[in-house]
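A.B. asks: Residue strings, one per chain:
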Amino acid sequence: MQSNDYLVMKGICKSFSSVKVLKDCDFSVRKGEIHGFLGGNGAGKSTFMNILGGIYSKDAGEIFIDGKKVEIANPMQSMRHGISFIHQELKLFSMRSVADNIYMSSLPIKGFGLIDDKKENEMAKEWLERIELDVSPQTFVEDLSIAERQMVEIAKALSIQAQIFIFDEPTSSQTRKETQILFRIIRKLRDEGASIIFISHKFDEVFELCDRVTVLRDGKNVGTVNVAETNADELVNMVVGIRLEQYYPEVKKLPLEETALEVTNFRNRRLNDVSFSLKKGEVLGLFGLVGAGRSELARAIFGLDYISSGELRIYGKTRKITSPKEAMKNRIGFLTEDRRGEGLVLGMDINSNLNIPILKQLTIPVVNFLMKKKMDTNTRIAFDQFNIVASGPRQRVRLLSGGNQQKIVLGKWFLTDPDIFILDEPTRGVDIKVKADLYEQIVDLAASGRSVLFISSEAPELIGISHRILVMRNGRITGEYMRGDVTEEQLVRCAMGGEK
Amino acid sequence: MMLKRFLPKSGIDYLKPSIVVLFAVFIAIKAPVFFTINNLISVLSQGAVIGIASIGMSMVILAGEIDISVGAMVYCTGVIASELYLSTNNLIISTVAAVVCGGFFGLINGFGVAKLKIPSLITTLSVCNILSGLGSILIGSEGTLSAGERYKIIAQTKILGLLSSAWIYILLFLLFLIIIRKTRFGRYIYAIGDNQDALRACGIRADFTIIMIFVLTGMLCGIGGLVNTSRLGGTQFNISLGMEVYCIAAVVVGGISMSGGRGNVLGVFFGVFIVAALDNLLRLMGVNVYMYNVVWGIVIFGVVMIDILKKKQKARDLERQVFET
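Protein sequences, first through last, are from chains A and B. Note that the first sequence covers residues 50 to 549 in the working numbering. Note that the second sequence covers residues 2 to 326 in the working numbering.
These are computed hints drawn from the structure, not numbers from a lab. All residues carry an ideal CB built from backbone N, CA and C; glycine is no exception. Any given hint could turn out to be false.
[To be verified] From the structure, some residues in chain A lie toward chain B, with a derived Cβ separation under 7 Å: (1) A122; (2) P124; (3) K140; (4) F142; (5) L156; (6) L163; (7) I164; (8) T412; (9) I413; (10) V415.
[Stated by the list, open to error] Quick list of simulated restraints, FRET-style, between CB atoms: (11) B/K116 to A/K421: 41 to 47 Å; (12) A/S155 to B/P120: 50 to 56 Å; (13) A/K374 to B/I13: 43 to 49 Å; (14) B/T145 to A/S155: 31 to 37 Å.
[Stated by the list, open to error] Short derived list, chain A residues pointing at chain B, Cβ under 8 Å: (15) M125; (16) H130; (17) R145; (18) S146; (19) G162; (20) L353; (21) N417; (22) F418; (23) L419.
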């Protein structure tokens with residue numbers, strides 16, 4: 050341990066319902082440094098920082114600040130130790146003034162317990178001037194831009210005399226100019242002796258801003274390096290590492306020439322001029338980091354999000370899809386990222402869940418009775434097709450494992466007989482064996498002439514089963530790779546913006 | 002992504018003010034007697050009980066909750082106050098008992114909502130039922146309770162041309178204005194309705210504030226019950242049950258958002274006045290009593306609908322922004 054380490058975290062462990070997210074993780078930051086914190090999706094970055102912020106409690110490990118051992122059990126204690134966590138989703142009162150937001154935890158009081166508004170505004174103004182944010186303390190936060198709101202969070206942090214600042218991907222919704230202002234302020238904080246932890250997905254920012262960088266992979270610290278002595282290649286290697294072998298099914302059939310889905314110039318507030326095409330019988334991988342706009346693209350295609358301009362063609366015909374109903378009519382199926390929230394009715398049994406989208410076809414006209422037999426047949430088809438493991442069709446979905454739940458969502462869409470599947474992170478939180486099952490099913494779907502848009506954060510699985518892979522970053526498609534001609538390093542690099 | 006600092010006002014922003022103006026014009030034509038000073042003073046006195054309870058309701062709604070036990074609390078505390086006056090002949094005992102009991106009922110509400118996390122609709126619905134039953138049991142089988150002439154002092158003393166009930170309301174409202182605008186407690190109420198997580202992240206006990214809001218509402222209902230029974234010289238079965246509907250109407254007409262966190266409380270004073278006026282008007286026009294319920298239902302639905310439409314408009318404007326780098 051170096052003597053000038055201000056914050057030291059040792060042997061931090063954390064599990065969520067038997068899944069080990071952090072495994073004996075160490076980390077330290079010096080006074081007056083900007084320390085980058087890198088890692089792929091699911092590497093444990095957020096969990097680690099949430100422990101420091103008092104949002105999660107650690108299972109094991111020790112935290113030292115300025116040489117003294119400290120306990121952090123809640124956000125208040127974290128604050129008292131001079132730690133300020135600037136979350137990606139800002140914790141602000143949007144309907145209150147900037148001054149109220151800065152001073153909510155210590156509103157200044159004059160006689161009779163009345164708030165001294167004048168003093169509050171004056172004090173707030175001082176902090177706003179220090180971070181060069183040119184808004185009145187009386188402005189309501191809801192009237193500020195996202196970047197300005199972030200500045201308010203920083204002002205709040207300064208007002209409580211924070212010594213350690215955690216920035217969780219602060220630039221993800223900023224313009225270049227706003228980022229530059231933020232960087233200037235972060236540097237100023239450093240020069241005044243603060244310790245700054247900068248969580249990021251983007252290499253260029255790390256190289257531009259940070260002094261040192263720590264990489265996390267699979268819940269472990271895989272190394273801390275001086276930014277001046279490293280390069281993008283080394284960092285990519287640290288982020289990617291060596292993974293366990295996963296079985297992938299053989300991809301024999303090539304996609305057909307016919308284009309199933311064509312997206313041209315999609316734009317909305319999260320998408321920046323996105324165009325691509327999906328061929329019949331193709332598995333098209335879509336890689337990118339969280340927030341790159343992948344799910345938003347899927348939502349826009351499926352009619353869940355508004356698009357301000359752009360064109361959608363299905364088998365050559367222009368279609369305007371503004372609701373999921375229309376998307377389904379055009380035989381598109383969308384497996385959302387949030388299977389428990391959006392994909393399943395957890396309290397109902399498997400049989401009911403599978404048949405929900407097609408209940409209309411299963412109803413005897415006029416009398417509106419359900420055709421039980423037909424439902425059971427459907428369920429049997431889905432059980433066979435997707436290898437669902439359960440005690441029977443009457444089992445409640447809540448009690449199933451994540452993998453089997455996912456198979457049911459897939460089965461549910463399969464029964465509506467779509468032609469184009471959009472799968473958003475279908476293998477997340479699923480164990481290795483079920484993953485292999487899912488891969489096989491995806492490959493089979495494509496082989497049967499359907500088209501699959503396969504969104505994932507795990508590069509190896511995309512490489513394993515996709516015919517072609519697109520990479521998104523910052524609302525745009527930034528790369529396209531063909532099967533057999535791509536490495537994990539290339540994908541990660543493209544997604545993080547470290548191209549040469 | 003820059004937002005436009007000042008979103009342009011669209012038609013819907015003018016909808017509510019124009020309805021109020023139309024309403025005033027309608028009254029001026031239909032019932033000119035309404036705008037005489039004497040009638041206005043009597044409107045204020047009649048509205049006093051609703052007004053006192055609406056103070057509590059404003060806090061509850063600002064915090065993003067609801068309290069539908071308000072009418073039952075006014076009823077039950079009123080019965081307690083007049084019963085105690087009958088047996089002790091002491092106004093102070095009656096007053097203290099009404100306020101303390103109200104506070105206790107509010108504590109049950111607050112505990113259920115903040116600690117047990119039962120939705121406030123369900124918590125207060127249960128308390129509403131308990132108290133309306135309890136009140137009727139206390140009155141006894143005859144169904145009416147007369148507390149005597151001296152009991153009327155509380156609400157029916159004339160001071161500077163206004164009845165004391167109106168003065169009590171005005172004073173409580175001024176106190177409330179100061180609390181909500183100038184104290185930490187007031188700020189926390191808004192903050193809870195805005196973003197409870199953020200308040201917790203500031204290290205402030207949101208639970209405690211929520212309990213306090215319900216307790217204060219209960220105490221205000223206690224005062225309301227006292228004033229109401231004093232105004233009537235006693236009480237009878239089911240009087241003031243269902244008053245929460247008037248209070249909710251007053252609060253939303255006054256411009257406080259049903260989803261919490263937003264609204265100028267000064268508006269509630271006018272909201273109470275408008276509600277009392279509409280009530281007065283319905284009586285002046287001799288409208289069928291059952292029609293009242295229909296009117297109040299429509300008023301609340303309409304006002305909240307306008308608020309929601311406004312919010313949707315804003316969200317739509319936001320969503321239609323185009324990606325910028």
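A.B. asks: Could you check the hint for me, namely that B/T145 and A/S155 are 31 to 37 Å apart, CB to CB?
C.D. replies: 54 Å, violated
A.B. asks: Taking the least C-beta to C-beta distance, is A/N417 closer than 8 Å to chain B?
C.D. replies: 31 Å, violated
A.B. asks: Minimum Cβ distance from A/K140 to chain B below 7 Å?
C.D. replies: Nearest chain B Cβ about 4 Å off; hint holds.
A.B. asks: Next item in the hint list is A/M125. Is there a CB on chain B closer than 8 Å to its CB?
C.D. replies: Interface hint status for A/M125: holds (3 Å vs cutoff 8 Å).
A.B. asks: Less than 8 Å between beta-carbons is the criterion; does A/H130 satisfy it with respect to chain B?
C.D. replies: 12 Å, violated
A.B. asks: Taking the closest Cβ pair, is A/G162 under 8 Å from chain B?
C.D. replies: 6 Å, holds
A.B. asks: Have a go at the A/L353 hint: is there a Cβ in chain B nearer than 8 Å to its own Cβ?
C.D. replies: 12 Å, violated
A.B. asks: 43 to 49 Å was suggested as the range; check whether the CB atoms of A/K374 and B/I13 agree with it.
C.D. replies: The hint (43 to 49 Å, Cβ to Cβ) is violated, given that A/K374 and B/I13 are roughly 28 Å apart.
A.B. asks: Return the status of the interface hint for A/R145: holds when the least beta-carbon distance to chain B is below 8 Å, violated otherwise.
C.D. replies: 6 Å, holds
A.B. asks: Just to be careful: measuring from the Cβ of A/P124 to every Cβ in chain B, is the smallest value less than 7 Å?
C.D. replies: 5 Å, holds
A.B. asks: So, A/S146 near chain B? Judge it on the closest CB pair being under 8 Å.
C.D. replies: Violated, because the Cβ-Cβ distance from A/S146 to chain B comes to roughly 10 Å (cut-off 8 Å).
A.B. asks: Can the hint on A/T412 be confirmed by a CB-to-CB distance to chain B that is less than 7 Å?
C.D. replies: 33 Å, violated
Consistency with the previously given hints fails for numbers 1, 8, 9, 10, 12, 13, 14, 16, 18, 20, 21, 22 and 23, ordered from lowest to highest.
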